[in-house]
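Visitor: One-letter residues, chain by chain:
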Amino acid sequence: MFKALMARARQGHRTIPYPAELPQMPPLFRGRPVVDHGKCAEGCTTCRDVCPSEAINLSPEGLRLDLGRCIFCGDCAAACPERLIRFTTDWRLAASERAELLVAGRGTPHVEALGQQLRRLLGRSLRLRQISAGGCNGCEVEVNALGNVVFDASRFGIDFVASPRHADGVLITGLVIPTEVARDSGMISPGIPI
Amino acid sequence: MTFLTMRNAEAHAVDVIPRLDGPAFRQALLSQIAAECRLLLLTALPKISGETYLLGAVADHARGNIHVAITPIRDSYPALTPDCPAAHYFERELHEQHGVVPEGHPWLKPVRFPHGVRAIEDVELFQVNGAEVHEVAVGPVHAGVIEPGHFRFNCHGERVLHLEISLGYQHRGVEEALRGGPHTRSIHLVETVAGDTSAGHATAYCQLVEALTAAGCPPRANALRVVALELERVANHIGDLGALAGDVGFLPTAAYCGRLRGEMLNLSALLCGSRLGRGWIRPGGAAHDPETAVVDDVRRRLAEAERDMRNAVGLLWKSSSVRARFEHTGILDREAAADLGIVGPAARASGIDRDSRRDFPGPTYRDYQPFVAVGGSGDVFARAMQRWEEIDNSLVLLNRVLDALPGGETMIAVNRPVANMIAISAVEGWRGEIVHLGVTDWAGRLSHYKIVDPSFRNWFGLAMAMRNQAISDFPLCNKSFNLSYCGHDL
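Residue numbers (our numbering), protein chains in the order written: chain A, 4 to 197; chain B, -13 to 476.
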């Protein structure tokens, strides 16, 4: 018991002071990309050619990066001869609409906080069910890390629960298999709209 | 000559692999296995002049050699499994992928249910019969934030007589997607074979491609790969020690280790921008070259984390309630582990003195030999202690590498692979040995790509460890192995 208390004193308080202070990401972190719009060299397709996930669209209007497809590998930024694509350390990447994930230029505004009505409905509790849909377990290990003493997501009322029946929403990770497949395999209960 | 003898990540012409007839192939493999070698893999090669060939590889740990031979197979051949249990999973895979029947195999149960061949629910599981025997089904969808997989316990009261494991729910077709490469997607696919082993699979792939292209890896990049691999090992081991503590309700260590795992991941993020070590290891070297100030920062933070790890994990060994739960739980004995071809810390905890970093160092570990810890009792305690000793040894190795990081470039250009070559690349990942095999066609494209994640071999080890255990000890036994679903399912 005494040893456990000594260890407790030694290990200290480790929860990050978010949201009072925003965490600083390491300089190499690849967060929200910024595209220097419209300066591409004539006919250059280097970024699109190296992109592993077909996230880059080159049209007469310029370069457009689709964060819905991007895996944040940074290969395009490294390959661009004009250095027109840059990954910033901004980690706030949430969006409420599919269209907000299309980056052209300085990026899109951050997602807005939930409206009054939803906040009244949810109170101080947001229960999520995570669904693994053919990913690599990378998202799962990081979602689990949200529960550790550093992030401690439950202090904001956010918890991951055992069934969609207990949940206010779902978090889908992975390549996303079709909804029908998810239903058939019991990952999502029939009748629960997603 | 019976075999082509190769070293880890060394390319040879496909033509020089001896083509044996069925009985000679079988005899050759079994005599090597009888002589302290280990079955490395079995895989069917793409057709050579209209025939399908079965490639067998055995690993000679004492000499660091890999012996390879091929034999033509048609509809069936006498199974190796009755004489070499470690072949059981490979032969099931072979049957599932190619329809070949290994005659005499005890049970050709599906492995991954590739799309369209067979419905995943359509699986027969082993059943124990008896008036008081009951079954408990768990999954495929689990309560926690975990990947899907089905477990079926055959129980007598609380006692588990046998555990059936049926996977394949995360099958994405990684091997198929790698064929025809290398292309822009290849490295990203291997980094996500098992998301918690990005450095392990990326290194295995890069070693392989560098062998097939006759390129090298600059010494500085090579040292950085060792750093990436060892950080990954420490992060996962310390995380699992915390999770084991949590599973027996010992919360102090569970809380501290969760944080310390994150510290290790953050060191990877400092060096490459990704907590999971993505975008770092690339064919031809390493994509990020840290400045001296960053290396110094890593060393300082590593030393701090090491002190906290000793403190947090020390509590675990001193707590009699923890030891009581860990000891004699989930025993995998040495004989079963050896027969089944179990790898990694799980094998070493059962007393098998094998570590690919030492036995098959390849280009990556040639200059960075670790000290290899070996346990013996094969229970949860042994696997937990094994993790801790491997952390300890990895920290020594990490400090050694960071203290004398070679200078020079970190990336060299890589050409297309040479035509008609074969290479096998083995890397000791944190879960155990990762094996990648690549064969190039006449145009230098990868005509065959085979991945063996350690989980592929070790899931059956978990099933064996659960025999005669209380069903309530399953989470603890499971965590002591902590195997990958997606690494198995590919």
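These aren't lab readings, by the way, just hints derived from the structure by calculation.
For clarity, every value in this text was computed on a predicted model and none was experimentally measured.
It cannot be assumed that every hint is accurate.
Said to hold, decoys possible - So, partial list: chain B residues that the calculated Cβ filter (under 7 angstroms) puts toward chain A: (1) Ala129; (2) Gly248; (3) Ala255; (4) Arg268.
All C-beta atoms, glycine included, are put in the ideal place defined by N, C-alpha and C.
Visitor: Hey, does the Ala129 (chain B) contact hint survive, CB to chain A under 7 angstroms?
Guide: 4 angstroms, holds
Visitor: Holds or violated: is there a CB of chain A closer than 7 angstroms to the CB of Ala255 (chain B)?
Guide: Cβ of Ala255 (chain B) sits 5 angstroms from chain A, so the hint holds.
Visitor: Go through the hint on Gly248 (chain B) and say holds or violated, using the shortest Cβ distance to chain A against 7 angstroms.
Guide: 5 angstroms, holds
Visitor: With 7 angstroms as the cut and Cβ atoms as the points, is Arg268 (chain B) at the interface with chain A?
Guide: 10 angstroms, violated
In this structure, only the earlier hint numbered 4 is contradicted, and the remaining ones agree with it.
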